[in-house]
Amino acid sequence: MILDSHRITTEPYYCAAGDEIALFAAAYAARMPMMLKGPTGCGKTRFIEYMAWRLGKPLITVACHEDMTASDLVGRFLLDANGTVWHDGPLTRAVRHGAICYLDEIVEARQDTTVVIHPLADDRRVLPLEKTGELITAHPDFHLVISYNPGYQSVLKDLKESTKQRFAAIQFLYPDRALETAIVAHEAGLSEDDAMRLVLVGEAARHLKGHGLDEGASTRMLIHAGQLIARGVAPAAACQVALILPLTDDPDLRDALTATVDACLR
Amino acid sequence: MSAEQTGQFASLERRLGGFVTALWDTNPRLQSMPVEPLAPPGRASFGHGVVRLPERFRGFTPAQATRLYHAAIAHAGSHIRFTETRFTQGSLKPVQVALISLIEDARVEHLAMRRYPGLRRLFLPFHVASPGSGGMAPALFARLARALIDPDYVDGDAWVEKGRAMFLAAADDWCSPAVSRSIGGLLGNDLGQMRVSFNARTYVVEPAYRDDNAGIWIATEPPPPDAASETWLQAATITPAETEPPRGPPDEADNQPANAARPAAATEDGSPPLASYPEWDHLIRQARPHWATIRAYPARAGRQEVIDEIIASHAPLAHRLAALIEHARVSRPRRLRRQAEGDTLDLDASIEAAIDLRAGLLPDPRIYSRMERRHRDLATLVLLDVSHSTNDRLPGSATSVLALERAAAALLGDAMAGLGDRFAMGAFCSNGRHDVRYSVIKAFDGSFDGAAKRRLAGLTGSLSTRLGAALRHASRALGQQAAYRRLLLVISDGEPSDIDVGDRRYLVEDARHAVQELSLGGIDVFCVGLDAGGDRYFGRIFGRHRIALIDRIERLPELLPLIYLRLTA
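Heads up: the protein sequence lines correspond to chains A and B, in order.
Here this note's numbering is used: position 60 in the first sequence is 60, and no number is missing along the way.
Here this note's numbering is used: position 226 in the second sequence is 1226, and no number is missing along the way.
The following block holds chain B by itself, in its conformation from the complex (with noise of 0.2 Å):
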């Protein structure tokens, strides 16, 4: 992290998201809001389950900025805690909307130090209005906002004081909104009379750390668009539905020369179908015969240095993994004789301890024997989702979601390899019902060589997710291996989706209708969701046990061999 960067957003958005769940036990998405030079200074906005961050504080230390956006998260945790129910404006005056929103700031805030009384420490550094601010509107509100929240601060002015004697005075009404909207109302009534201008216009919040109040009132205008289409956090939401499958541009990460995009072109329409199967569709609660068609398309090729310099610039953690591997090696079953514990008696070994005893010897204690059962009986498939949205780069970097998916596939199967495991690799996109595409990237009697190396390489990010279908074809290969345990291990970025799906929920129990029919027949199936708020529909496919989210989407790479080998430890 360079220097200037500390104590913005970027460095502490993580930090504020487990903040602010911590406090209030829920998980908004954080944005960051560009700030522009000469504008006035940016606050915090929340609604529609997003809190808008100014991507910097001007004029704060780093130490300072960094307590502010606690200041600021904890502030609009309070709000998304308290202000249950938001204000409609009706015939209220400007000036009236913004001092109900101060008086309910002030309202939440007191709430949540009643619970977290360590927040007035956070809180109160922030408020520096006194009665040297002035007598205009703005540092009258600042002036009021101090009074509400610090017990020792003196004004002085009449209308500051009588506006915290009447807060202070409801205090046991604290618990609903209806206190702010009488005493805003009543205090903007009284600003009229003193013929205090207020301009709503240039009108800022102070202090910095609280919201634009944007959130507490039923908006007049239509919301702002979901400016969640903008940031990494896409790969988190449902995949936007194709009308054309748009060939994703190739990725940068493996440099592609012009000529290998085009044998997909050729596939395009004639690929042949490989299989259909059902679909189930949970508003009649009947599977549909023969919905979705597999169609197999063979995954073109990339260059094999990609994945050989994958796995050579994760050296330490390829490293690491060997002697993870070394220690789960496969070993046949064997008696180990000789050995101090165990579960019977080695015959030999008591003989001789016998004879010592009657012979007066001290004999050698190690007399039991004892099998050994390491071997590993396994059969893994591991399911890549391709679809569009993993083409989506992570903020501040240039590496999308599919080359992570890839190196992290290409470590997995270095080190399966390694162990000797039995394992095969898919990837699957979806264009509608008619068209499920699926591509082999290694088979089960395929060795993980130069050939499906290529074909990781050569994975782009295209269409929707259909990922009931992908499952239930996935299950095919895997349920024709011989093993004790038959492990699908899908990689997925977010919610199942499809072009000819409108309802939000269908393909979600469609996948989860699979998983259900995949453990009917012995195959557990594990996910492994790159989205760390995905748990509502992750946990409804796959149960909340089998799933594992991951939210630092980098670090997929190194977690996802280890998430294997605990699977199979």
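Chain A with its partners taken away, still in its complex shape (with noise of 0.2 Å):
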């Protein structure tokens, strides 16, 4: 198979924080496009590659840019020895052969890249290829995904009504502290008690959000400090180095986490 390079073979670690497999694997089912909502690093990515693993299907991932084109999606005609010959794109390939098409952080990409999704994203379910003159028609397994993290992109790079509004959505947040803890400990190799440390750690700088943090501390951030700890990095020091440090360049706010830091740890 064509795609068989987009597989996912072995099961990704994903643990539900609540119904959002059944709910995905119904929108599946009716090939309903989903946008997957939430801030960064918690987990949208992560649940597509299980969902995809899950439901045994391949996984096309493109990740937008500002710089992005239609036809980086859709495709183009190369020249070879005899001519011109045309070139699927990551979504057009997904369109012909069946897989999830996940376009990550969708709202990178500028509006006119994006309407080149709508005809696929409603009842039509084709894709249009305006340079070959092609009009394909999905292949069943089609399913199109996309990321959508609300807030700190520009007010004015948002995405159009028509956009939002042909897909069904899932909300993600942070875990809460049980699962984050489960999560941290699994994906760091960290003993229960410590993964819990940076977790309060982590739910200290997601209330400094709005209070100087653009955006709190992603789970991804604590897996990160708690693989340093599980390689023997002191708490405190890994804290700094992949919490502290990534997070904030005014000097005022990094040593209140510091010191709260400081306050987490036994």
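FYI, nobody ran anything at the bench for these hints, they're computed from the structure.
All clues given are correct.
Incomplete in silico selection of chain A near chain B, CB under 10 Å:
id, residue
1, S71
2, D80
3, N82
4, P150
5, L200
6, R206
7, G210
8, G212
9, D250
10, L253
11, R254
12, A256
13, A259
Glycine included, C-beta positions come from ideal geometry on N, C-alpha and C.
Two independent chains are provided; combine them into the complex using the hints.
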């Protein structure tokens, strides 16, 4: 199969925080386009990998960026020895051969780029290739998923209403304390107690969102700190390296966070 | 920061604020309390959403004092979190009040340490009482305080040990303040029977990081006047309604010649109404038609050099901005040929490459063309709040909020003019609904030249903040601009208020309604709030994602152009 390299063969570690697995499975059964919302590092990408594995479908991920054009998604003509040859882009490949296409941080892409997904994201499920004149009907397995982190991007760069309203959405938040502890302990290879200390640090740092921090400490950051601790770094130093310094450049806030980390540790 | 300032409140304020917010998810206002040279040592105090800390702790090295402040704010935060209901004094004797407070201190600290075990390292070093401290009431209290928190401390005094035993035995009930009340009451009775005398007037809570306990009792005397009115935080709170239009003192930062302050007086009565706008009344859920009248107040001219000096004094920043601007500069959409990557094949390059291939030569791989669309089709109106509260000075400096707004607007104007973006600038204040004053600093068709700079330099802060009417008026000029994006950038220092409005919610809801109307009309409204604690009302008005709150107001001149560039990137 052409998409074999996109299949996920081993089960990715994912801890459900709610009924998101059942919700997504139901939406997949209806091939309803999905939007995963939530702050950075809370498990959106891991979730889609897990779902692709669970549903046994190949997953094509595209990290969107502001210079991305429609042809980066759809495809373009290339030149070979005998003339021009059409080359499918990642979206077209997913549509043709039946994969889950995950457009990560879709708002980063320009708005004229995102409209190419419109005919795929409603009941037509077709992709017109303007340059070849081809009209591709989506493979029955094709499923469109986007991630969307409202808030930190430019206000002038938001999804169009016409894009948003084509999707059903699942909201992701940082997991609750017990679950996050289990996740950090598993991913970093730490004891429950050490992981719980880190989760407390993370919760405290999240209180500062809007009071100096643009975004709280993500689960991913806590795992990073945990991985350092598991390799023998002292917890205070690990938090400094993996949490505090990446989070803020403000010296006062850094000191406040250092004092907070100290309070959280035994 | 000077050497004698380290370890003092002023140098630690932001750190402590971040610390208590991180620990307890609470955002109290912090204030300093003056320390008199001969008075008893000051203690922290909290209540009514304010934590007051002594401006310095005597007798501690800077490093110790820094830890002491952290311990004090962590302790006060523990009370805010765990002392959910305050005690009533009723028929309790002063000694019982002091002991109940002491047990309550230990209770909230234990609950805090259950969550944050590292706090023990912060609290313990300040517990220095020992059996050698003596047997008078203050010493016994300090010994008991230590016994309750330090498991390794051995005292030997029967009363202290009894208190510790009772407290530890109640460990399962620590979640309720009733524990403190019963144990404290019993220990107070014991002390009375031991004939140990207690003088409530001279008693000072030990150790030094603990607060004066006023915040955990329902005060029998009226609460202290909101000390906020004396500090810079006033800028962050509701603008006091003025009953008569005060002409703010001329801003020292721009050294106005005396004669420049006059023209305003002439317009005070005679300004013609420019337009009237409806106002949304959230109680009747209807707009009151023609409710607020906008009057044009020509901005009085200041000195252009003020603005030029501001731009010159921020030269490094202006330099950095110039680089960013260069990056974001307007360029017409154009087709780039012979690119290594692109949307479409460049026909000429493809033919050449095909010929090269047939001829057995290495073809040039740059065979694509693409469209560059970096065109910035954007119109921006910058709306400055120049209400009376903008005359407030920042703590420890002679700079007013208005002077910072002016500097920020000057730099932003310079940046926007450099970008070639279309922009206008206006300022507003209000004196009741019949007199919302709007001054044009720069119109869309004007240039950011000497006259505009003089008007910007001449701004003074006075009167109140009727935000909704100003938004609607600003949107009229902005709405006439044909642009893909229209952005209204509001710089405000506090909650909307006016002299003829008693209901705090009224103007907030009206402004919120105005923002929604504007957004329906295709105008993006973004607010830069000079009040770090303002997300309650700024968020309500503009929406949480459409505000940027600046907690260090002195950084505004630096941040505003960056916010603008980010918004329009």
